Amino acid sequence: MNQNLQTSMNRSSGSGLKLWVLKLSAVALAALLLNPHSHAQSGTPSQPAALATSIAKPASAYSSGVVYDWMALDLQLIQLTPGFSPPVAARALGYLGLTLYESVVPGMPGYQSLAGQLNELSSLPWAQPNEPLHWPTVANAAMATMTRMMFSNASAENKARIDLLERSLPLKYTQDFDPNTVTPDISNRSETFGKLMAMAIMTWARTDGGHEAWGPIRRSQANYVPPSGTGKWSATPPAFAPALLPYWGENRPFVIKRAADCPAPPPPAYSEDKGTEFYTQGMEVYSISNAATQEQRQFALYWADDAGKTPTPAGHWAYLTNDLLKSRKANLATAAETFARLNMAMSDAFVAAWYTKYKLSVIRPVTYVQLAIDSNWVPTLMNTPPFPDYPSGHSVQSSAAAAVLEREFGTNTAFVDNTHNDRGWGPRTFKNFKAAADEAAA
768 MNQNLQTSMN RSSGSGLKLW VLKLSAVALA ALLLNPHSHA QSGTPSQPAA LATSIAKPAS
828 AYSSGVVYDW MALDLQLIQL TPGFSPPVAA RALGYLGLTL YESVVPGMPG YQSLAGQLNE
888 LSSLPWAQPN EPLHWPTVAN AAMATMTRMM FSNASAENKA RIDLLERSLP LKYTQDFDPN
948 TVTPDISNRS ETFGKLMAMA IMTWARTDGG HEAWGPIRRS QANYVPPSGT GKWSATPPAF
1008 APALLPYWGE NRPFVIKRAA DCPAPPPPAY SEDKGTEFYT QGMEVYSISN AATQEQRQFA
1068 LYWADDAGKT PTPAGHWAYL TNDLLKSRKA NLATAAETFA RLNMAMSDAF VAAWYTKYKL
1128 SVIRPVTYVQ LAIDSNWVPT LMNTPPFPDY PSGHSVQSSA AAAVLEREFG TNTAFVDNTH
1188 NDRGWGPRTF KNFKAAADEA AA
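All you need for the numbering used here is the position in the sequence shown, starting with 1, plus 767.
Some hints could be false.
Cut-off 16 Å, straight-line C-alpha distance, at most; resulting in silico cross-link-like pairs (EDC-like, lysine to aspartate or glutamate) [unchecked claim]: (1) K1041 <-> E1051; (2) K1024 <-> D945; (3) K1198 <-> D1184; (4) K1096 <-> E887; (5) K1201 <-> E1175; (6) K824 <-> D945; (7) K1126 <-> D1028; (8) K1076 <-> D1189; (9) K1093 <-> E1175; (10) K1024 <-> E887.
Derived by calculation from the structure, the hints in this document are not laboratory data.
It should be emphasised that the depicted structure is a prediction, and the values quoted were computed from it without experimental measurement.
Make the full structure from the sequences, and use the hints.
Dropping the structure here:
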């Protein structure tokens, strides 16, 4: 479940879910990115990070302005482009974060490429010695190229926005794109390297099982037949929409070998008997929904993060991270590392959550309440999403995001979330990332 008023059942085994997510994402990504002596899965050393030449400035010498603007546009495109449901959006952000990181990691001493470490990613382009690159130009070209490919079904107007942003950033961030130091030769070589990196990563992305999920994959899954039986999920009112991406859990993750290797803790045993845990949680959903306070309603709407209206749950965390990096004046290297960790963690969390959702196929509260408590009950705040209940995608990916951000910024970092200011629902201040994740999962 993903709304506060209709999803109390997901609170079962909450601490177990958070430990599960840590195992999936944050710890693994920390090991991959920060150990310059780690080895590839094949046993061969991964490409060591080093400056392309001693002449080039490191990525840390530049601002994160390019990153901020590209992430801001990508989050808008998630909202405005058809088919970018929460899992699809998280996947897109995962590849965008990886592209950003890989495009500038040759300019990050002490860091390394993830080629040979992420699943089935054997190799990637690498900067050549004695051929200096300009990292903001590399990042700009890489992000523009990946954004075009990732949002290939965007409107003509939004495709034009991608082109415009790519052209405008050198004029906007003149200190980073100093024409007195960035020669045409360096600029052209940097642009070429960025494009090659994005294309190499997209070639790999096309084999993960989730490519263009807004189109052929989604249509091919429209005939999915959910398992029948007591306590099993079925399409819910009012739309009775078909299951959303029922095979998403079979996709190739970034870090975890496969979702099946990281099972979630089991939900309470199904029962319609009063006094059982399942019945108690169903009654809690029913009672809270019928007598929700204004504050509870605001929480539910704030974290709903509906596709087509918002940048989705993963985009919510990417948005607040983008703001946080900007407010701290983070450099290009820091921003690249942060978004690689964060976005791949959230994508893996969705793959793992979706695997368990469709494996367990747990009944939705609206169906349960109508069966066991009140046959006439209809949720009034928002419609139930078209996929099984447990585990909560919001809970899993929010816990993953919070774990990554705690590692990047500390466990007691207060921050302001401006994600929904344009909808009149903010800003909101949180004392730390865990508090935000707990509220999102409540």
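Structure-based check of all given hints:
no.: 1; hint: K1041 <-> E1051; verdict: holds, 12 Å
no.: 2; hint: K1024 <-> D945; verdict: violated, 43 Å
no.: 3; hint: K1198 <-> D1184; verdict: holds, 11 Å
no.: 4; hint: K1096 <-> E887; verdict: violated, 35 Å
no.: 5; hint: K1201 <-> E1175; verdict: holds, 13 Å
no.: 6; hint: K824 <-> D945; verdict: holds, 12 Å
no.: 7; hint: K1126 <-> D1028; verdict: holds, 13 Å
no.: 8; hint: K1076 <-> D1189; verdict: holds, 11 Å
no.: 9; hint: K1093 <-> E1175; verdict: holds, 14 Å
no.: 10; hint: K1024 <-> E887; verdict: holds, 10 Å
In summary, the structure is inconsistent with hints 2, 4 from the numbered list given earlier, while agreeing with the others.
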